[in-house]
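> For the sequence shown, position 618 matches number 1294 in the numbering used here, and the numbering has no gaps at all.
Keep in mind that the hints are not guaranteed to be accurate.
Claimed, not checked - No more than 20 Å apart at the CA atoms, straight line, and that leaves these computed lysine to any residue pairs for SDA-like:
(1) 829 / 975
(2) 1355 / 1258
(3) 807 / 853
(4) 694 / 727
(5) 838 / 820
(6) 694 / 811
(7) 1271 / 1319
(8) 1069 / 842
(9) 1319 / 1264
(10) 1097 / 844
(11) 1355 / 1374
(12) 1014 / 1062
(13) 708 / 768
(14) 838 / 975
(15) 1374 / 1350
(16) 922 / 948
(17) 1319 / 1025
(18) 815 / 948
(19) 1126 / 1183
(20) 1271 / 1177
(21) 708 / 685
(22) 1319 / 1191
I should point out that these hints are in silico values taken from the structure, not numbers from a laboratory.
Note that this is a predicted model, so its numbers are computed, not measured.
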Amino acid sequence: MAAGTKTVDYAAERALAKDFLTNFAGPHGEPKYQNILQDIANRKIRAVQIELDDLFHYKDVDEEFLQRVTENTKRYIGIFAEAVDELMPEPTEAFAVDEDRDILMTQRVDEGADGGADGNDPLQRMPPEIKRFFEVYIKAFSKVTPLTLRQVKASHIGQLVKISGIVTRCSDVKPLMQVAVYTCEECGFEIYQEVTARVFMPLFECPSQRCKLNKAKGNLILQLRASKFLKFQEVKLQELAEHVPKGHIPRSLTAHLRGELTRKVAPGDVVEMSGVFLPMPYFGFRAMRAGLVADTYLEAMSITHFKKKYEEYELKGDEQEQIDRLAEDGDIYNKLSKSLAPEIFGHEDVKKALLLLLVGAPHRKLGDGMKIRGDLHICLMGDPGVAKSQLLKHIINVAPRGVYTTGRGSSGVGLTAAVQKDPVTNEFVLEGGALVLADMGICAIDEFDKMEESDRTAIHEVMEQQTVSIAKAGITTSLNARTAVLAAANPAWGRYDMRRTPAENINLPPALLSRFDLLWLILDRADMENDLEMARHVVHVHQNLESPALGFTALEPSVLRAYISAARRVTPSVPRDLEEYIATAYSSIRQEEAKSNAPHSYTTIRTLLSIVRISIALARLRFSETVAQSDVDEALRLMQMSKYSLYSDDRQRSGLDAISDIYSILRDEAARTSSMDVKYGHALNLISRKGYSEAQLKECLEEYASLNVWQIHPSTFDIHFIDA
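Required output: the full structure, derived from the provided sequences and hints.
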């Protein structure tokens, strides 16, 4: 041993580990690890996670012990496992018996007591791993900043490291042999072989003393039921985009998940993983080529998701109070929408639509197995420089699961699924593309108009059926792609050309357009007041690195995620008295389109489903179990406002000012209903769909009342036309 190296007394280390497990108290004074051990004895859980934060706060543990645990983690996992073996309490509750394990263990203990095995033979001694029905993990410090893949060096070999990355590939969960058990045909003894690597050389001859004395080469038979297997999964971690230096490609690292850590991640998850960084020598022919070089991998100990799925989101105490307080706020719809990308000027209604995209509606499954999607699809089409890409990036940042891709950088295979050869098994496997990775999340596709037509057709099935069907290389299957598509595109000629029809400008096939719940046209128009406000806003953001005051404190993305996750648990229904109202609204939209020479959109029965979905999403924001008429009105208003810039141009062409147009809308409504009266609330709803404000309505009412065209009720402001 090198001079100055201190010899570690592992018996003393095990005693310290036992003392820690016995006496460490949780935040409320309860024996934290004693309770965990009791749950393991009762077969409720199967993992003991030793947290370094707890070791740090324990009075009898010094820094040297912590350093040894961090630098020689694999050895200390064994020490803590031995301590757990000694401290394991008796079960206090009845549990289901595992026939293979429990009956075989009872038989082995009885045989050992009868002297059936040779205690001096190390291969006949029962290894402690086969008796255990738990795994021990050591979790790194929670406050330590995770390393990037480039910062993990050869000096970290054997140490506990914490890294961050994105999961790009997950293998199937397969059994990994931990203890191989053989039975000798000659002497009948059980022979145990501990397996510590991915591959091992099986035993063929019985090594027991009896077979050696008899000079009989006893044939060993591997007993699979008596052997112990662990769940094993291989995961590929890739560097996050922000950690990759300029001009470099992202690095990857293989991580091995065992036992209870399997099935915790999926491709596309951004995770923080702590584990032991270990070498893995090559075997067979590859070893001859590699020489002394070994591959490296991470033996995972704990996994933390950066952004949890809505279903897995657990509200903390203060978050629940904050959500309850926000839910009572009457203006929560506006506050939540303004908190989305507050640095971007204007686009109030676009942000409201994007908020509803995050909330979504519940999926419906009919009795015969037919499914109706609940995800909203939105396409933002507009002139260059209206912050479409920035809005997309912000939504991906807020959403717990999101994938961002561009039209030119995506092929049809990259969006759906590719067939590749698995490097471990050499079998053909499916690797999910962007739409599959965004399952139960949002897929943002920028430069949607630049995509090849053949690639764009891959999205059709995903947007309505929410599956990706594959028939390649002998693999015929259907993958889930329950994703909300958020696309951004430019018009056909770069900018919107007012001399051409909307269909010519949009330049997307009707089959694709009808699948979008909202197609938002954002045109960049010269407006003195608006441009001045926008310029001031941009300069303020550039100077102060924050948005101007909104009148309230903008909500953090984490609070938005918490509120949306709580809202998504509500499943509102449409009451019977609103069914006729929605049906009438849909039929009137169809009639308006039929009258128009150049329709602004394609109205199909999917439009009706879009109205219902948006209405349900609005009800979810209020934590309401039923959809209100105001929700349907707001859904119709958003559909009209998405084409507001076009309607304003139609009015300019026809020479109508706002007041005259409001009058013509109210007159047409009175003629349609054959009534001389129009309710004020109904009038406000009608004109807001066309993009007019309440102030303009009041101005119109006063002007035409002075001309004696109608009378206004003094308190309710209802309109009564005077018969000429």
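> Are the Cα atoms of residue 1355 and residue 1258 separated by 20 Å or less?
19 Å, holds
> Are residue 694 and residue 811 close enough, with their CA atoms no more than 20 Å apart?
Answer holds: residue 694 to residue 811 is near 16 Å, not above 20 Å.
> Need the status of pair residue 694, residue 727: alpha-carbon distance at most 20 Å?
This hinted pair holds, its Cα atoms lying about 15 Å apart.
> Is residue 838 within 20 Å of residue 820, Cα to Cα?
Status holds; Cα separation ~8 Å.
> Has the given pair, residue 922 with residue 948, been kept, meaning a C-alpha gap of at most 20 Å?
23 Å, violated
> Taken at face value, is the distance from the CA of residue 1374 to the CA of residue 1355 at most 20 Å?
Holds. Residue 1355 to residue 1374 sits at ~13 Å (cutoff 20 Å).
> Holds or violated: are the alpha carbons of residue 1374 and residue 1350 at most 20 Å from each other?
23 Å, violated
> Mind checking the alpha carbons of residue 807 and residue 853 for me, to see if they're no more than 20 Å apart?
Distance ~14 Å between residue 807 and residue 853 Cα, so the pair holds.
> Against the 20 Å threshold, does the CA-CA distance of residue 838 and residue 975 hold or violate the hint?
11 Å, holds
> Within a Cα-Cα threshold of 20 Å, do residue 1126 and residue 1183 meet the stated pairing?
Holds. Residue 1126 to residue 1183 sits at ~11 Å (cutoff 20 Å).
> Is the hinted pair residue 1271 and residue 1177 satisfied, with a Cα-Cα distance of at most 20 Å?
15 Å, holds
> Tell me if the straight-line CA distance from residue 1069 to residue 842 falls inside 20 Å.
17 Å, holds
Of the numbered hints given earlier, the model fails hints 15, 16, 21; all others are met.
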